[in-house]
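Quick note: the sequence shown uses my numbering, first residue 1, plus one each step.
Accuracy of the hints is not assured; some may be wrong.
Lysine to aspartate or glutamate pairs mimicking DMTMM-like chemistry, simulated, CA-CA at most 20 Å apart [said to hold, decoys possible]:
no. : residue 1 : residue 2
1   : 35        : 116
2   : 78        : 62
3   : 20        : 10
4   : 115       : 68
5   : 115       : 81
6   : 30        : 68
7   : 101       : 81
8   : 30        : 116
9   : 101       : 86
10  : 35        : 108
11  : 20        : 68
12  : 82        : 99
13  : 20        : 86
14  : 64        : 33
15  : 101       : 15
16  : 101       : 70
17  : 35        : 81
18  : 20        : 108
19  : 115       : 99
20  : 20        : 70
21  : 78        : 99
22  : 64        : 17
23  : 101       : 17
24  : 82        : 68
25  : 64        : 81
26  : 101       : 68
27  : 78        : 68
28  : 35        : 79
29  : 115       : 33
30  : 115       : 62
31  : 30        : 85
32  : 30        : 17
33  : 30        : 62
34  : 115       : 70
Rather than coming from a laboratory, the hints here were simulated on the basis of the structure.
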Amino acid sequence: MPSIIDLCRELRRRETEAEKLLWQHLRNRKLCERKFFRQHPLLIQSILGRNLYYIPDFYCAEAKLVIEADGPVHLYKKDYDKNRDEVMTTLGLRILRFENKMVLNNVDGVLNSIKEVLLS
């Protein structure tokens with residue numbers, strides 16, 4: 001069974017075009033001088049005491065912000081995404097979701113939405 005670190009590395013290798021484009025704008029503190037991580041594991045303790053991991057597409061610890069670039073697969077996992085978002089919100093994280101086609105067709109608009117949250 002692969003470790004969580006191996007899984008994150010594999011997800012980075014298999015990034016979508018939208019994730020690749022967004023990462024070019026978020027990496028190296030390019031956006032509002034905030035540090036972003038991509039495919040970074042977040043440890044969540046369940047009420048049963050088990051360790052669970054969520055791996056958001058992008059994460060800024062300073063702003064407690066999770067950014068997801070959602071492709072077609074998310075149409076089939078809406079309940080999972082909703083539950084995951086509720087858990088992360090309970091932990092004080094903010095979640096922004098953008099469809100891949102929105103990132104690809106309007107990256108400036110997406111970046112402006114992210115900036116608004118970072119500066120609020």
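Tested hints:
1. 35 / 116: holds (16 Å)
2. 78 / 62: violated (27 Å)
3. 20 / 10: Holds, at roughly 14 Å.
4. 115 / 68: Distance ~15 Å between residue 115 and residue 68 Cα, so the pair holds.
5. 115 / 81: violated (23 Å)
6. 30 / 68: Holds - the C-alpha atoms of residue 68 and residue 30 are around 18 Å apart, at most 20 Å.
7. 101 / 81: holds (18 Å)
8. 30 / 116: holds (15 Å)
9. 101 / 86: Measuring from Cα to Cα gives roughly 24 Å; hence the hint is violated.
10. 35 / 108: Roughly 19 Å separates the two Cα atoms, so the pair holds.
11. 20 / 68: OK: residue 20 and residue 68 at ~12 Å, within 20 Å.
12. 82 / 99: holds (15 Å)
13. 20 / 86: Roughly 26 Å separates the two Cα atoms, so the pair is violated.
14. 64 / 33: holds (14 Å)
15. 101 / 15: Answer holds: residue 101 to residue 15 is near 14 Å, not above 20 Å.
16. 101 / 70: Satisfied, since the Cα-Cα distance of roughly 9 Å is no more than 20 Å.
17. 35 / 81: The given pair, whose Cα atoms are some 24 Å apart, is violated under the 20 Å limit.
18. 20 / 108: holds (15 Å)
19. 115 / 99: Answer holds: residue 115 to residue 99 is near 17 Å, not above 20 Å.
20. 20 / 70: holds (13 Å)
21. 78 / 99: holds (13 Å)
22. 64 / 17: violated (25 Å)
23. 101 / 17: holds (10 Å)
24. 82 / 68: This hinted pair holds, its Cα atoms lying about 12 Å apart.
25. 64 / 81: Distance ~18 Å between residue 64 and residue 81 Cα, so the pair holds.
26. 101 / 68: At roughly 13 Å apart (the allowed maximum being 20 Å), residue 68 and residue 101 satisfy the hint.
27. 78 / 68: The hint holds at about 13 Å.
28. 35 / 79: Violated, because 30 Å separates the two Cα atoms, which is more than 20 Å.
29. 115 / 33: Measuring from Cα to Cα gives roughly 11 Å; hence the hint holds.
30. 115 / 62: holds (13 Å)
31. 30 / 85: Answer violated: residue 30 to residue 85 is near 26 Å, above 20 Å.
32. 30 / 17: holds (19 Å)
33. 30 / 62: holds (14 Å)
34. 115 / 70: holds (19 Å)
Comparing the model with each earlier hint shows violations of hints 2, 5, 9, 13, 17, 22, 28 and 31; every other hint is respected.
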